[in-house]
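Can you make the complete structure from the sequences, with help from the hints?
Number of protein chains: 2
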Amino acid sequence: MNKTPLEKRTAAFRDYVKRMMSYSQALAILNWDLRTKAPRKGVDARSELIGVMSGEHFRLLTSPELAEHLAALQEAGTWEQLDAITRGTVQECQKELARFQKIPADRYQKFVTLAAKSGAVWEEARAANDFASFRPYLEEVVKFQLEFIEYWGYQDNKYDTLLDIYEPGMTVAQLDPLFRQLREKTVSLVNAIAAAPYKPDTRFLGKHYPEAAQEAFSRFVLEKIGYDFQAGRLDRSVHPFCTSFAPGDVRITTRFNPDHLNEALFGCIHEAGHAIYEQNINPELFGTPLCDGASMGIHESQSRFWENMVGRSLPFWQHFFAEAVRRFPDQLAGVSVKQFYHAVNEVTPSLIRIEADEVTYNLHIMIRYEIEKGLIEQTIEVGELPTIWNQKMKEYLGVVPSTDSEGVLQDVHWSDGSFGYFPTYSLGNMYAAQIAAVMKKQISGYEQLIARGEFAPIREWLHQNIHQYGKLKSPSQLLHDITGEAPNADYLVEYLESKYKAIYQL
Amino acid sequence: MNKTPLEKRTAAFRDYVKRMMSYSQALAILNWDLRTKAPRKGVDARSELIGVMSGEHFRLLTSPELAEHLAALQEAGTWEQLDAITRGTVQECQKELARFQKIPADRYQKFVTLAAKSGAVWEEARAANDFASFRPYLEEVVKFQLEFIEYWGYQDNKYDTLLDIYEPGMTVAQLDPLFRQLREKTVSLVNAIAAAPYKPDTRFLGKHYPEAAQEAFSRFVLEKIGYDFQAGRLDRSVHPFCTSFAPGDVRITTRFNPDHLNEALFGCIHEAGHAIYEQNINPELFGTPLCDGASMGIHESQSRFWENMVGRSLPFWQHFFAEAVRRFPDQLAGVSVKQFYHAVNEVTPSLIRIEADEVTYNLHIMIRYEIEKGLIEQTIEVGELPTIWNQKMKEYLGVVPSTDSEGVLQDVHWSDGSFGYFPTYSLGNMYAAQIAAVMKKQISGYEQLIARGEFAPIREWLHQNIHQYGKLKSPSQLLHDITGEAPNADYLVEYLESKYKAIYQL
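If you read the protein sequences in the order shown, they are chains A and B.
In this text, residue positions in the first sequence follow my numbering: the first is 1, and each later residue adds one.
In this text, residue positions in the second sequence follow my numbering: the first is 1, and each later residue adds one.
If you are wondering where the hints come from, they were derived from the structure by calculation, not from laboratory data.
Any given hint could be a false lead.
Put simply, identical chains are the same to the list, so a pair is met inside one copy or across any two.
Below 25 Å or equal to it, Euclidean Cα-Cα: the simulated DSS-like pairs (lysine-lysine) are [claimed, not checked]: (1) Lys18 - Lys37; (2) Lys110 - Lys18; (3) Lys41 - Lys18; (4) Lys441 - Lys501; (5) Lys8 - Lys392; (6) Lys224 - Lys41; (7) Lys41 - Lys95; (8) Lys501 - Lys473; (9) Lys394 - Lys102; (10) Lys199 - Lys394; (11) Lys95 - Lys110; (12) Lys158 - Lys392; (13) Lys37 - Lys95; (14) Lys95 - Lys18; (15) Lys501 - Lys440.
Since we're looking at a predicted model, the values are computed, not measured.
Given below as structure tokens:
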């Protein structure tokens with residue numbers, strides 16, 4: 001059978017994209033190896049190699065060949081005939097291409113150089129608690145973002161253009177009321193918890209937990225919840241992450257703190273939440289940009305769901321606590337499952353975002369969101385950041401860092417201009433609660449299943465409703481298809497209030 | 001300062017080659033990961049990715065851009081002005097390019113497909129002891145080699161063209177007398193050993209040696225001899241190998257047999273011999289095809305030197321035996337260093353090449369060399385191989401396999417047409433002995449140094465005389481610069497006779 005011109009065109013386009021995606025896969029592998037396995041003296045050559053391969057990927061993305069495919073496939077009469085995967089692939093390629101093409105090459109190059117330098121300066125500034133040295137770089141980075149936004153264009157709010165990179169379709173107009181509600185309710189809850197006479201005893205979590213035993217227990221839990229070790233690995237790295245090379249090879253990393261049980265255990269469950277998503281994307285999407293999460297927020301909803309809503313739930317520990325005691329009999333001697341459940345859910349306002357508990361975490365995000373918006377709307381200047389940071393910490397969390405290193409300098413994200421990324425963390429928490437509310441109605445005996453260690457029905461539900469689609473659906477469409485609603489902060493507020501009022505006996 | 005046209009041309013060429021070599025590096029990393037770390041379900045995607053990246057590398061190698069650079073740089077008047085690295089790079093690129101360009105694309109494609117299929121058929125045939133099913137594929141593979149030799153051209157002997165791929169400049173005319181001498185002397189030595197009344201007691205090597213303790217001891221030895229773990233790693237794989245991504249990242253693998261001490265220990269030293277070579281190539285050669293061993297034979301000379309001439313020497317164990325006893329007190333109870341030295345040098349004719357001792361190993365190579373030559377000279381037919389194999393085993397080693405799986409089917413190399421590769425193993429042994437003879441004269445107290453565990457002078461000598469040059473010198477030039485001679489089998493014969501006559505009290 002002869003192929004029609006459209007079939008030939010589609011096949012040629014899909015082959016081209018597959019080739020282009022091969023570079024993304026290769027880069028993911030080179031990065032994973034760099035962060036988990038590469039010897040010290042191999043780092044320079046590897047960084048250079050990653051640079052070259054990124055350049056090759058960029059050449060394919062910006063080639064006339066791809067532009068020609070995209071133009072032809074988007075012509076009226078053709079576009080309507082495309083299958084869903086090809087159509088989504090065209091859209092994703094067009095979007096990524098536009099992000100680069102709208103910026104003059106020399107400006108982009110200048111920014112890349114600045115971002116690299118700025119990252120190095122930030123690292124030193126944080127170590128030396130020296131915001132002043134970082135300030136001029138951050139100012140330049142913000143200026144570039146403002147310049148880029150002009151190239152990219154915007155409608156209501158400049159910040160929307162940045163948000164859209166990480167959370168397609170999300171806007172300040174949507175986020176502001178959601179985050180205001182979440183912030184106000186959370187501040188009240190945190191205050192109530194602070195005033196509560198009951199405090200969980202957490203001392204047993206800080207005993208000595210040997211690394212090898214922690215790793216074995218983490219693997220045990222991950223196997224049980226359904227992270228597929230035949231399609232993945234668990235390794236160590238300085239900063240934990242999840243990376244997907246293909247649905248059959250999605251790897252996670254962790255780090256072990258021998259003097260605290262929580263970090264690796266819940267870190268592993270968190271990364272496995274990301275990984276279970278990627279492992280369960282429809283394999284037909286492999287080789288296209290659709291073989292990915294719907295957005296950063298949806299991705300985070302999966303990691304937070306498993307880490308907090310499942311992994312820090314009472315039924316979860318009704319199942320796993322006996323095993324924990326078996327493995328750590330001395331450390332957990334005399335501890336009840338309820339005490340353990342309370343301890344892993346301790347709420348304490350603290351300075352560092354990545355160490356924050358489930359309740360206060362969102363307040364850390366609010367501070368960053370408000371500052372980012374101010375920088376982009378030009379109502380806040382970089383020089384004011386330390387002061388504003390500390391004011392907001394005081395207002396929302398009631399604690400103030402004594403150094404900028406523990407304050408405004410703590411995160412890497414701003415140094416390379418990743419504005420718009422932080423909000424997806426709290427969006428993830430909101431999505432997770434909103435989705436879980438539906439799931440609990442649709443899966444009968446949801447809590448009993450968890451208490452019996454039966455996670456397959458939950459995974460299957462997530463697969464059917466979320467995972468399989470990869471990036472075929474936009475985050476808002478995905479959420480609407482599941483919940484019938486737009487993003488809604490009520491579910492997260494309700495989840496946090498009911499869980500923590502019970503724990504803190506409010 | 002403005003660059004001259006030649007400087008510009010040279011810089012553009014070197015940049016192009018560096019980009020091309022980036023694919024070799026990336027492929028090496030993808031392969032290492034596949035063989036040491038990749039989960040089962042990731043294998044298909046990885047194999048496909050390796051295919052795509054190989055294709056990208058091939059496109060760069062065969063592009064008009066490279067051909068134009070090569071032509072311009074080889075013009076009279078230009079060529080003479082090139083620096084040594086650029087000149088060598090041109091030569092290597094030209095050679096590799098010629099290998100592909102002389103073969104019609106459709107024929108090469110057909111061969112690649114055949115080779116892949118043939119490899120799979122070989123694997124099944126070996127498992128099922130079924131030479132007949134492999135025979136038609138091997139016949140096709142040989143036909144293709146003969147066809148390719150016509151495209152590539154040859155002078156005296158068709159087999160020279162294949163030898164040149166692995167051992168540049170080596171010919172049948174040179175090899176035949178070298179190998180005849182080595183074979184005759186080795187057969188005599190093996191016969192004398194077989195008739196000797198004294199047999200080393202090797203039973204203690206076959207006790208239980210826990211894997212973790214073996215690994216720790218191997219790492220201890222590797223550190224001591226100077227494999228740089230800050231520029232490498234030791235991992236596990238089904239088949240041990242060494243792979244270099246850059247001089248700062250040269251990794252080795254091993255496998256552990258908990259019921260025998262030798263396999264991992266000497267395997268590690270062997271791979272470290274390869275790795276120490278690659279770690280010590282002049283970093284200026286990185287990013288060119290010259291950042292590699294001079295040839296397969298020279299590379300093997302380094303692994304064999306460390307494994308056998310150092311690692312299986314009496315001074316070596318005078319240094320390390322106490323440590324071995326400390327780590328394996330029960331297994332080595334009552335064993336003397338001399339008994340240990342004798343045991344790790346046991347000579348026994350056996351069926352499987354990769355398990356052969358230092359003396360009989362070369363006889364396994366002779367059989368393969370003679371058969372390969374016969375196939376290419378068309379004096380042997382594929383159908384005769386099982387018979388000829390067994391005849392030669394009987395004649396040289398005095399043992400005959402009871403199945404083809406343990407005989408002619410044991411090695412993978414022929415299934416994809418890698419004829420000309422096997423001889424480099426014995427060449428490596430010859431080079432090693434010839435080079436060591438000079439080294440011992442130039443390094444005063446050579447054996448005492450080893451007995452004290454001081455390996456730096458040996459490494460430094462190898463660095464100065466061999467390692468630093470990478471592929472800048474041809475194997476014959478390298479050997480001549482060190483020894484003042486062409487390849488000479490006398491040194492290996494003399495080394496084997498003196499070592500083994502002493503051990504076996506002949």
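Going down the list of hints, with the structure as the test:
1. Lys18 - Lys37: Classified as between: cross-chain Cα gap 24 Å, same-chain 27 Å, threshold 25 Å.
2. Lys110 - Lys18: Classified as between; 24 Å across copies, 30 Å inside a copy.
3. Lys41 - Lys18: For Lys41 and Lys18, only the inter-copy Cα distance (19 Å) is at most 25 Å; the intra-copy one is 33 Å.
4. Lys441 - Lys501: Answer is within; shortest intra-copy Cα gap is 22 Å, inter-copy 83 Å.
5. Lys8 - Lys392: Answer is neither: 58 Å inside a copy and 57 Å across each miss the 25 Å cutoff.
6. Lys224 - Lys41: Between copies only: 19 Å across chains, 38 Å inside a chain, cut-off 25 Å.
7. Lys41 - Lys95: neither (38 Å within a copy, 31 Å between copies)
8. Lys501 - Lys473: Result: close neither inside a copy nor across copies, 36 Å intra and 76 Å inter.
9. Lys394 - Lys102: neither (41 Å within a copy, 74 Å between copies)
10. Lys199 - Lys394: within (22 Å within a copy, 82 Å between copies)
11. Lys95 - Lys110: Within. Shortest intra-copy distance 22 Å satisfies the 25 Å Cα cut-off; inter-copy 40 Å does not.
12. Lys158 - Lys392: This pair counts as within: shortest intra-copy Cα distance 23 Å, inter-copy 81 Å.
13. Lys37 - Lys95: neither (34 Å within a copy, 34 Å between copies)
14. Lys95 - Lys18: Within. Shortest intra-copy distance 17 Å satisfies the 25 Å Cα cut-off; inter-copy 31 Å does not.
15. Lys501 - Lys440: Cα proximity of Lys501 and Lys440: one copy only (20 Å, versus 80 Å across).
Comparing the model with each numbered hint stated earlier shows that hints 5, 7, 8, 9, 13 do not hold.
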